[in-house]
Amino acid sequence: MTRRPVLGIDLGTTYSCVASLDENQRVSVLPNQENELTTPSVVFFEESGNVTVGKFAKNELRSEPGRVVSLIKRHMGEDGYTVDIDGKRFFPQQVSAIILKQVVEDALGVLGVDPPADGPMADVVITVPAYFGAAERQATRDAGEMAGLEVLNIINEPTAAAIAYGLTSATATERSVLVYDLGGGTFDVTIIKVSKDEIRVVATGGNHQLGGADWDTRVVELICEKFTEQHAGSDPRTDLDASGTIELLAEEAKKALSRRDAYPTTVTANGERAKIELTRAEYESATADLIGNTLDFTRDVLGKAREKGVDHIDDLLLVGGMSHSPAVKEALVREFPDLPTPQLADPDQIVAKGAALFAASSVAEKDGSGSDGSGTSSPRGLPGGTALPKIVNVTSKGYGIAVVRDPKKPDGDLVVAWLIHPNDEIPARPSDVFRTVSDNQTGVDVAVYESTTDVLSEELYDNLELVKGTLKDIPRAPAGQPFDVSFNLEADGILHVKAVASNGRELKLEAKISGLVPEEVKRAPLPAIQR
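The opening position of the sequence shown corresponds to residue 592 in the working numbering, with each subsequent residue numbered one higher.
Simulated from the structure, these hints should not be mistaken for laboratory data. Honestly, I wouldn't trust all of these hints.
[Stated by the list, open to error] Quick list of simulated restraints, FRET-style, between CB atoms:
| no. | residue 1 | residue 2 | range |
| --- | --- | --- | --- |
| 1 | 1020 | 996 | 24 to 30 Å |
| 2 | 894 | 1114 | 42 to 48 Å |
| 3 | 1110 | 613 | 36 to 42 Å |
| 4 | 996 | 1063 | 21 to 27 Å |
| 5 | 1024 | 617 | 49 to 55 Å |
[Stated by the list, open to error] Listed below are the simulated BS3-like cross-link pairs for lysine-lysine, each with C-alpha atoms no more than 27 Å apart in a straight line:
| no. | residue 1 | residue 2 |
| --- | --- | --- |
| 6 | 1063 | 1099 |
| 7 | 999 | 1063 |
| 8 | 1000 | 1063 |
| 9 | 1099 | 1113 |
| 10 | 899 | 866 |
| 11 | 920 | 846 |
| 12 | 787 | 899 |
Please read these numbers as outputs of a predicted model, since none were measured by experiment. The C-beta atom is built at its ideal place from N, Cα and C for all residues, glycine as well.
Starting from the given sequences, assemble the full structure and let the hints guide the process.
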């Protein structure tokens, strides 16, 4: 039987990238139908009901910005969020599925493979920011399945980068690597110990609402200020026909100012025209606080790594499109003089390449090529015998359950009791004993919470409720009867919860509910992609 193509996908906030291994087990990025190695993560919804993806969709910002959807990754797993086009609601998973379908079909074209009439198009590993929680990860998996893909795994972007780096670096000794991943819409900083046998994540942090799009917003503000200086009282953002063009200009200016000292352009809006010039000094001043935010996260993660005994960094890798900015490298060197010189590590493609290596290894293991024939599993490896290091990850979030603040006040305030803490290694399988708070209590409500930051708060309103259920039919008895709660946080970030009463009654929960797309939407066909 012919195996489906095996792909690694960097599903980015602003650009996506697909990679695979060739017949010689070399990893390479597959170009899209425009022969470009990355595809804008942008969808244009046509009046006909069809959609366009990528560069041509992005260009529609100039004429019909209201029909263009971008930055959808920032809303993955967000409960209740939809995009309204012509009275139809589209969930983030649907928009992401359209992007995935396009980039995979483009990749199949390069490989000379026709999409099947039925069944999955390809076996894939999709990457996500390390700071994504359970809901965002499940939403990403759903998007892949809706696109007609067999999702082998969801892995963290810095981990994927470390896989590609670890398998291509010449050294055989263990190295501590800081991955500074500043993409189009998200930021992660992760410290990883890399050797030929193991990739172990030590600590991670970040913000999935911080990325290159925020730099674009600052440039838009600069452009509009300069326009208004020439045409008092006229804000070009109020001209809907001009607003999309200004967004495109801002991204173009941002990239240009990473290479030169000035960027001249012309803006037409509200029936008026202005010639303006942006300078690198103005740009860097307007965005200095954004870089400062990334430095704060970096400082925090370095501190957490020191707490775990990692006080020396051997390599500092810059990943993500915004890492091309000279201001990023200059700020890191200035703020952390004891760290190694930052190096650009194939920032636009390394994540997809690492995902492709992991996908190939996953398929090799699934097909049994990781077995020596005796029933004992040998180390996972790639076809051709190259060993993939064992991967040990950490969670970026904390997980716990709601308990009564004061056991003497059964009807009092609830707080979160944490069982899993940020930067705990995963898989994690902690358990704890809790007790009933009322006499003759026959049921216990179990509500599972996820932290929204890496600083834990016991207050419910500071955290996200993932799932809840009731452990029923507990024998009547005085208050204080014990029951066990156990967590199983899997390597892909999905949390399973089990509560067991003293009489053996069980409650099982899977914490992947918030932000899920309804089943009827999940089963519905995607809009046709216009090519």
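Hint check:
Checked against the given bound of 24 to 30 Å, the beta carbons of residue 1020 and residue 996, roughly 27 Å apart, stay inside it. Between residue 894 and residue 1114 the beta carbon distance is about 47 Å. The supplied range of 42 to 48 Å therefore holds. As the Cβ distance of residue 1110 to residue 613 is approximately 38 Å, the hint placing it in 36 to 42 Å holds. Distance hint for residue 996 and residue 1063: a CB-CB separation of about 24 Å, consistent with the stated range 21 to 27 Å.
Separation of residue 1024 from residue 617 is about 53 Å and conforms to the stated range, judged on CB atoms against 49 to 55 Å. Distance restraint check for residue 1063 and residue 1099: the Cα-Cα separation of roughly 12 Å lies within the 27 Å cut-off, and the hinted pair is therefore satisfied. The hinted pair formed by residue 999 and residue 1063 meets the criterion: a straight-line CA distance of about 22 Å does not exceed 27 Å. Note on residue 1000 and residue 1063: the hinted pairing holds, with a Cα-Cα distance of about 21 Å set against a maximum of 27 Å.
Under the criterion of a C-alpha separation no larger than 27 Å, the hint pairing residue 1099 with residue 1113 is consistent with the structure, at around 24 Å. For the given pair, residue 899 sits about 54 Å from residue 866 by alpha-carbon distance, which is inconsistent with the 27 Å threshold. As the CA atoms of residue 920 and residue 846 are separated by approximately 15 Å, the hinted pair is consistent with the 27 Å bound. Proximity of residue 787 to residue 899 is assessed by CA-CA distance (about 21 Å); at most 27 Å being required, the pair is judged to hold.
Hint 10 from the list above is the single one not met by this structure.
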